[in-house]
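K.L.:
Listed here are the chains, written in short residue letters.
Number of protein chains: 2
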Amino acid sequence: MKIGTFNLLKTEGYARRGEFCTAHGVVQTPVFQNVGTAGAIKGAVDAFDLKALGCQIELSNTYHLHVRPGDQIVRQMGGLHRFMRWDGPMLTDSGGFQVFSLATLRKIKEEGVTFHSHVDGRRIFMGPEESMRIQSNLGSDIAMAFDECIENPAPREYVKDSIDRTTRWLRRCKAELTRLNSLPDTVNPQQMLFGINQGGTYDDLRIEHMQAIAELDLPGYAIGGLAVGESTEVMYHILDVVLPHAPENKPRYLMGVGTPSNIIEGVARGVDFFDCVMPTRNARHGHLFTHNGILNIMNAKYQTDDRPIEEGCGCPTCQRFSRAYLRHLLKSGEMLSQRLLVMHNLWFYNHLMQEIRDALEQGTFAAFRAEYSEKMSKRI
Amino acid sequence: MKIGTFNLLKTEGYARRGEFCTAHGVVQTPVFQNVGTAGAIKGAVDAFDLKALGCQIELSNTYHLHVRPGDQIVRQMGGLHRFMRWDGPMLTDSGGFQVFSLATLRKIKEEGVTFHSHVDGRRIFMGPEESMRIQSNLGSDIAMAFDECIENPAPREYVKDSIDRTTRWLRRCKAELTRLNSLPDTVNPQQMLFGINQGGTYDDLRIEHMQAIAELDLPGYAIGGLAVGESTEVMYHILDVVLPHAPENKPRYLMGVGTPSNIIEGVARGVDFFDCVMPTRNARHGHLFTHNGILNIMNAKYQTDDRPIEEGCGCPTCQRFSRAYLRHLLKSGEMLSQRLLVMHNLWFYNHLMQEIRDALEQGTFAAFRAEYSEKMSKRI
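Those protein sequences? They're chains A and B, same order as listed. Numbered per the numbering used here, the first sequence spans residues 44 to 423. Numbered per the numbering used here, the second sequence spans residues 44 to 423.
Hints may contain errors.
As the list makes no split between identical chains, a pair holds if one copy fits it or if it spans any two.
To be verified - Under the rule of at most 20 Å between Cα atoms (straight-line distance), these lysine to any residue pairs were calculated in the SDA-like manner:
id	residue 1	residue 2
1	94	125
2	45	71
3	344	423
4	374	413
5	344	113
6	152	211
7	374	163
8	94	362
9	152	260
10	152	199
11	374	125
12	152	167
13	94	359
14	374	162
15	203	145
16	374	164
17	374	161
18	374	160
19	217	344
20	374	111
21	45	413
22	344	115
23	374	119
24	374	118
25	344	116
26	374	80
27	374	116
28	217	196
Rather than coming from a laboratory, the hints here were simulated on the basis of the structure.
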């Protein structure tokens, strides 16, 4: 299977069961990407653990790694795969989202963005070419386009200008990555570029932008700028509106989303890739995903509960430890609680995607959606 | 082999190679006990990891578990072995050391000590009987006597009164544990009691106290009240003075000690058991043990160093990750750094004990001591 190929294996309504080929292996979709921001998963989980948790794609953050340890260092160490010892498919974001959310913003110009590092205040310039060079140094399998991520809602005029600039930036990304991939000492010469659709909450701008970036015939397309202030209904509406205009034979990635319910609803609308910090972040507060909803392990009723987080769960934590022990660890501030709870939540997300893929293969996704979409995201 | 049996397999000078039988397995000595304070090892290491790190005895803290989650809760969960899923030998301290160091001290009386919990300020009374009841609820294999741990130096008169009281307390510990072990629903009816030698830095008081407690014919004896303010030379001197008066056919445990050098020197003087938070605590600051000394992973020279912490090391961290990656993780504040660095240090300590046992078996301990005693504890 040629790198960059996306095979649509089966569909049910708008939902798609597919496979996507990268230089580090074939990804079965729909898929949830596990977030390892700075080359490590929050909660003391390493690349070997990720494999055991059923992770198919690891996602790292370009901005964080550029700031520390520096992408030149990572390149010198043989790229991020080798540095963190993850040998499967990997995606890096463009740094754009962090530049617009974490860093002290300075100025957006046609060339790119000047900002100050959140670590040491150092002045940094990043534009499409810089983002591609950093991601090329990291050597991920999928590089994301450098775009402007706008909060919702935003004035129509601003959004229109922004998507036009993001389209121009995308052309520059494509040209630069093509150049970088042809260099003799590139870390991962088969690195691919995904474009990112923007347009805020304006249906027509979303469609206009998707059509514009589809023309560049990239190996994949993301929907960006959602889950950044708008309601869930608006997010689903945008997916309904824009996905029919995304190329059918390319994977679609809904960035930064979301709850199990959001994922099931995203799949139902034709999304193939997801990512979110929710499983790790929620775990840190003791909020644990189960098929019956979100369990709060700090609840007093679990003090002497000898059962695992979810009965029948195959994760390393549920196979070994009781709710009572996990509650004790979290209440005592033991770091071990973070690891065990994060492992459960990541396994739950990866296993959820497996259940979704199984349902799609068996033509029972509609029934799966009806049973779980609401239930999984409620608090129990 | 009967529980409580200590077989002396071989000696070299004062150093001893032995084995000690507990209800959860036979311990090969000299041994280093791995500290899991509240039923978890600091740095996100669980009971299954401990096995992989070569740990033979896990040590938990009575005071911490009494305060949180409460020893009654642990008992209800089937004891600490089952609660934390450690199925090997386990020792619990008496709570005495923490009462005298962590808690807000109230009053020492003949009955015991009244103090305030460091977690919620709650008033707690603990005497020999209470300590035994808590340790019985935890169900460890070795319970430590409830003693007074005095800082060094302390006035002679005070030390004399204190060791006499500690001897009286030991008799009460023995009587109470005998009673608890005979109850029908005891968690671990084969729990054993180790006495603790005190006497500050006074040779004659140390000897007098050791002779007094040896009369109780307990399965093991600890040297307490060292590494609490006195110099290393004084500590070694006390060992030289007191160990000849410890029963030869019982294991000897040097509490809270120490550096690799302290351990080698302790073995050379006839110590069989050790414990210390040093491998976990040092790991958290990036101080890593090697055969050539203590490596500080934060050092800039490791930024692009592709080698493991120590070449040839068999620990899970050295088998997989580079100095450069570990340095990056620690600098970035990633929790994963704690886990990987703690695993190396614990493995190093457990492996060091294996090397010491091997040397004793081969009659080469003197050479081992000459080569490594100084070298391992210096900073490189």
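K.L.:
Now tell me if each hint is right for this structure.
P.N.:
Outcome of the hint check:
In this assembly of identical chains, residue 94 and residue 125 lie within 20 Å of each other by CA distance solely inside one copy; the values are 15 Å within and 28 Å between copies. With identical chains, the CA atoms of residue 45 and residue 71 are at most 20 Å apart within one copy only, with a shortest distance of 15 Å there and 56 Å across copies. With identical chains, the CA atoms of residue 344 and residue 423 are at most 20 Å apart within one copy only, with a shortest distance of 12 Å there and 51 Å across copies. When the C-alpha separation of residue 374 and residue 413 is checked against a cutoff of 20 Å, the pair qualifies neither within a copy, at 36 Å, nor between copies, at 46 Å.
In this homomeric assembly, residue 344 and residue 113 come within 20 Å of each other (Cα to Cα) only across copies, at 15 Å, whereas the closest approach inside a single copy is 46 Å. Taking identical chains as interchangeable, the C-alpha atoms of residue 152 and residue 211 lie at most 20 Å apart only when both belong to the same chain, with a minimum of 12 Å there against 81 Å between chains. In this homomeric assembly, residue 374 and residue 163 come within 20 Å of each other (Cα to Cα) only across copies, at 13 Å, whereas the closest approach inside a single copy is 33 Å. For the identical chains of this complex, residue 94 and residue 362 are neighbours both inside a copy (17 Å) and across copies (17 Å), given an alpha-carbon limit of 20 Å.
With identical chains, the CA atoms of residue 152 and residue 260 are never at most 20 Å apart, being 26 Å at best within one copy and 83 Å at best between copies. Within a single copy, residue 152 and residue 199 get their C-alpha atoms as close as 19 Å, which meets the 20 Å cut-off; across copies the closest is 78 Å, which misses it. Taking identical chains as interchangeable, the C-alpha atoms of residue 374 and residue 125 lie at most 20 Å apart only when they sit on different chains, with a minimum of 19 Å there against 36 Å within one chain. Only within a single protomer do residue 152 and residue 167 lie at most 20 Å apart by alpha-carbon distance; the minimum there is 14 Å, versus 66 Å between protomers.
Taking the shortest alpha-carbon separations for residue 94 and residue 359, both the intra-copy value of 12 Å and the inter-copy value of 16 Å come in at or below 20 Å. For a Cα distance limit of 20 Å, the shortest separation of residue 374 from residue 162 across copies, 11 Å, qualifies, whereas the shortest one inside one copy, 30 Å, does not. For the homomeric pair residue 203 and residue 145, neither the shortest alpha-carbon distance inside one copy (24 Å) nor that between copies (62 Å) is at most 20 Å. Taking the shortest Cα distances, residue 374 and residue 164 sit within 20 Å of each other only across copies (16 Å), while inside one copy they are farther apart (35 Å).
In this assembly of identical chains, the alpha carbons of residue 374 and residue 161 lie at most 20 Å apart only when taken from different copies (15 Å versus 31 Å within one copy). Taking the shortest Cα distances, residue 374 and residue 160 sit within 20 Å of each other only across copies (16 Å), while inside one copy they are farther apart (34 Å). With identical chains, the CA atoms of residue 217 and residue 344 are never at most 20 Å apart, being 55 Å at best within one copy and 37 Å at best between copies. Taking identical chains as interchangeable, the C-alpha atoms of residue 374 and residue 111 lie at most 20 Å apart only when they sit on different chains, with a minimum of 8 Å there against 32 Å within one chain.
For the homomeric pair residue 45 and residue 413, neither the shortest alpha-carbon distance inside one copy (36 Å) nor that between copies (61 Å) is at most 20 Å. Taking the closest pair of Cα atoms, residue 344 and residue 115 come within 20 Å of each other only across two copies (16 Å); inside a single copy the shortest separation is 51 Å, beyond that limit. Only between protomers do residue 374 and residue 119 lie at most 20 Å apart by alpha-carbon distance; the minimum there is 18 Å, versus 42 Å within a single protomer. In the homo-oligomer, the alpha carbons of residue 374 and residue 118 lie at most 20 Å apart only across protomers (18 Å), although the nearest pairing inside one protomer, at 41 Å, exceeds that limit.
For the homomeric pair residue 344 and residue 116, the shortest alpha-carbon distance between copies (13 Å) is at most 20 Å, but the shortest distance inside one copy (49 Å) is not. For the identical chains of this complex, residue 374 and residue 80 are inter-copy neighbours only, at 14 Å across copies versus 26 Å inside a copy, given an alpha-carbon limit of 20 Å. Taking identical chains as interchangeable, the C-alpha atoms of residue 374 and residue 116 lie at most 20 Å apart only when they sit on different chains, with a minimum of 14 Å there against 38 Å within one chain. In the homo-oligomer, the alpha carbons of residue 217 and residue 196 never lie at most 20 Å apart, since the shortest distance is 29 Å inside one protomer and 73 Å across protomers.
When held up to the earlier numbered hints, the structure conflicts with 4, 9, 15, 19, 21, 28 and fits the remainder.
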